[in-house]
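Make the full structure from the sequences, and use the hints.
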Amino acid sequence: MKKLLLVSCALWWGSVSAQETKEYKVKLGNNKDRKVSIQMDQSEIRIEGYDGDEVVVRGAGFQEPPERAKGLKPLYSPMDNTGIGLAVTQEGGNVKIEKANRKAVSYTIRVPRRVALLYEQINWQGGKIHITGMEGDLEVRTHNAAIELENVTGPIVANTTSGEVRVAYSALNQEKPSAISTVNGMIDVSLPASAKTNLRLRSIQGEMFTDFDLNLKGGRDGLSRVGGGQVISGTTNGGGVDIQLNTISSNIYIRKQK
Amino acid sequence: MKPDIEKLLERYYEGETTLEEEKLLREFFRSEAVPAHLKDHAAPFQHYTDFRQEHPSPAVGSRFADRVGAESRIRPLVRWGLRVAAGLTLLLLGFFGGMLYSARTSPAGEGQTASAAEDLKTVLRYDRVMQTSASERIQAVYQSMELDRADQEITLLLVNALNSDANVNVRLAACQALLRFRDEPGVREALIQSLKVQTDPNVQISLIEALVVIREKRAAREIQRMARNEQIIKAVRMKAEEGLSRLI
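Each protein sequence line maps, in turn, to chains A and B. Residue 132 in numbering that gives the first Met the number 0 sits at position 133 of the first sequence; the count goes up by one each step and never skips. Residue 137 in numbering that gives the first Met the number 0 sits at position 138 of the second sequence; the count goes up by one each step and never skips.
Think of the hints as simulated: they come from the structure by calculation, not from any bench. Treat each hint with caution, since some may be false.
One-sided and incomplete, this derived list gives chain B residues near chain A with beta-carbon spacing under 7 Å [unchecked claim]:
(1) Ser132
(2) Ala133
(3) Val167
(4) Asn201
Ideal Cβ placement from N, Cα and C applies to all residues, glycine included.
As structure tokens, this is what we get:
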């Protein structure tokens, strides 16, 4: 009896861990001309930049489709060709990753650091996108998923309808502009204290807070009292790359990195 | 003989005398036997006669001869090779002078702006959307704002970006750029039409503001429709009302 229990435990543990550590790799190359497009829903996604040249995807919580579906093709999702519930295709040196199941699965994707990334949340079913350690061109579009970018250099182009956006730049790429727009999600951007930017900010109904000296013209504290809602243009450290932040009803926070 | 002379004289003053008749007159007046009443008329004939005999004084003659022989200041280009070289030099001088002049009068960066315009046209072309990132397209739109004028191709690309770019931030940037080129043909109409297709609140608000800034009264009807449309979020509807009050 004990033996049976032990064996079944081991088997169960083995199968679960096998699922969890199941990996899918595809070769890409670590340069900025390469692009990874990801379309997800419902899932918590972690994307980590690293110094390799492969895209490595790991999924946790994925369940195979039922036995009944053997030999049949799914209609809502693309065909799973990775064994972890994703459809990964390669088009001309670029990699496209689509969710090939309708469950809530957490994926961790390791991507070469300098590659460009496009992430889209394709429906309104929750999830969160967390990206760290990337130096490439990042474009993130969600409906209501929170966007969190850490240790990135940009450029960042992000938009969401009701998710929150948090960006922490480690350094600021001066070559290409960044832009973040939300309708109902707060924007919190943290820049190195010496970052040179041209800022263009607007919140229709919210407030804006910063500890940078934005070198604004006119009025006490640089803000003339017009009633809010207008565009505020300022610069940090003499001006540099363009960063545009827009929101309708939320606050914008721009802080110096400590 | 005398009456002939008088007759001849008359004809002479009329200018009707032949050469032989003039000769006769000259001979007559040269002779000593000139009657008193004709003496007044003698002068011209004698004068002319004398005149024919006159020669320049020797001094004048030698001076003249010296002048003609001496070298003039303007050296004549006798040899043909020299002439060709001179012609070529003039041509080259004229050419370079023209280049200098046109280089000074035209703006220095003209060559640069032309190529910048071509670059951004390439980035914004609709069929390149898959290869460009949103940030690159935004950068191209910002670059277009640095041009003095936008030709029709650029305004079309900007309008296309405003209406159908997949990324909201690119559409926002395109709205700002088109505001700058408000006087180019077709831009105002495009802004008004774009009101009907935009769904993102940030872009809707930017568009309404742009139309108010350029005082485009033709947009009033569409803005009013938006102010009444329950499907549009409240913040945009309020902006539409505010815009309307400032337009009309």
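Okay, the hints, checked on the actual structure:
no.: 1; hint: Ser132; result: holds (4 Å)
no.: 2; hint: Ala133; result: holds (4 Å)
no.: 3; hint: Val167; result: holds (5 Å)
no.: 4; hint: Asn201; result: holds (5 Å)
Consistency with the previously given hints is maintained throughout, with no hint failing.
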